[in-house]
Structure formats: C-alpha cells, structure tokens
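**Student:** With this note's numbering as the guide, the letters of the sequence shown map in order to residues -5 to 174.
Since the hints were made in silico from the structure, they are not lab data.
Computed from a prediction, not measured in an experiment: that's the story for all the values here.
For every residue, glycine included, the Cβ atom is placed at its ideal position computed from N, Cα and C.
Each hint should be verified, as a subset may be incorrect.
Subject to a maximum C-alpha distance of 20 Å in a straight line, what follows is the list of computed EDC-like cross-link-like pairs (lysine to aspartate or glutamate) [to be verified]: (1) K161 to E39; (2) K142 to E39; (3) K161 to D20; (4) K161 to E66; (5) K161 to D29.
Label pairs and their computed distance ranges (CB to CB) [unchecked claim]: (6) R111 to D40: 24 to 34 Å; (7) R114 to W64: 38 to 48 Å; (8) E16 to Q95: 19 to 29 Å; (9) T147 to T169: 44 to 54 Å; (10) P94 to S138: 15 to 25 Å; (11) R118 to D65: 33 to 43 Å.
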Amino acid sequence: MLAWLPAARPADTIDVLDVGVEPSADGEAWLLSADFTLSLSPQLEDAVNKGVTLFFLVEFELLRPRWYWWDERTALATQTHRLSYHALTRQYRVLLNGVPQAYGSLPEALDAMSRLRAWRVMPRDRTRGGVSYEGWLRLRLDTSQLPKPFQITALTNRDWNPQSEWKRFPFTPETPRSAP
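Could you put the whole structure together from the sequences, leaning on the hints where they help?
**Tutor:** Following this line, the structure appears as structure tokens:
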C-alpha cells in the first residue's frame, strides 16, 4: 500500500543543485558557480563540535567528447573547503579560497559552504568557441584529511564518507566576436 511513496533520502546528503560557467570580467578565464545541498550526519556533527576539522573537496572536470577516441580532458580543478569549530569563541570557522569566515551556528556555516561563486577553473584559451564540452562537478568529504582513526571508520561507515554524485552539465563556449 505504501509502495508508491518515494524513498526517503538520508538527512546527511550532498547534492549538486545548479552549475553555471561564465567568462571572467577580464575575459581571460572561465568562472564556475554552483549551489549544493550540504548536511552532516549526527556522527560528523558530533566530531566537528568536538574539534575535528572537516575538509571538503570540490572537484571539476571538463571533457571534450570524441567519437573516434577517448574523451579529451580539457581541464581538471579542485578546491578545498575547511570546516571547524572553536569552543572558546563558540564559532564555526569556514575557510573558502583561503578566506576565513566565522559563523554562530553549524547551519549557517554549512549554508556558506553550499554556495560556490566565481571559481576560476581554467584559462579561457583552453576551450574553443562553438565546440561542445561536458562538465562534471562533485563535492565530497576528503577522508584522507581526517585523523587516522576516523579514516578507518570512514572506510566502513557511509556516515563518515558523504559525497555527491558527479553532476554532468553541457558547456558550449560562444565563438568570440572579432573586432570590426
């Protein structure tokens, strides 16, 4: 009777919601912006509140599909985000692109980490106008940065290894207009 109900998603999920790529203001690079859903399992929340720093890795890959050979990897970029809690100040600290920010609650800190804006992923000359590319993006907890005892736990416990699926998105740069 309840078979028609969709399966409930766990509260500790990471999903890529929206992705966009646009040229930088100087026209020299491509900038990626994305929105994620990001929530932590009770075990990860407890670990952060007890002083364990969590490192999240944003991974981007751009491929040019080829029918006659393997896809060509045009660009590969990663960015690390750090989440920690300082008991003395009772603040959650987020480090995004080397810029530290402090938040009064964990939901506020996670909300800040769930918005990625104007990330320079590659020089503009790596792409050709009018050519179709496939972009791939994901966000995951970098378990290699966890303390060693937690790394072992992460191998066998999904609560300690949250990650999004790879989000595929099409990308076709505009052909640059020549000057008159």
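**Student:** Next, verify each hint and record whether it holds.
**Tutor:** Now for the hints, and whether the structure bears them out:
no. : hint                     : in the structure
1   : K161 to E39              : violated (25 Å)
2   : K142 to E39              : holds (18 Å)
3   : K161 to D20              : violated (28 Å)
4   : K161 to E66              : holds (18 Å)
5   : K161 to D29              : holds (11 Å)
6   : R111 to D40: 24 to 34 Å  : holds (30 Å)
7   : R114 to W64: 38 to 48 Å  : violated (27 Å)
8   : E16 to Q95: 19 to 29 Å   : holds (24 Å)
9   : T147 to T169: 44 to 54 Å : holds (51 Å)
10  : P94 to S138: 15 to 25 Å  : holds (22 Å)
11  : R118 to D65: 33 to 43 Å  : violated (20 Å)
Hint violations for this structure: numbers 1, 3, 7 and 11, all remaining hints satisfied.
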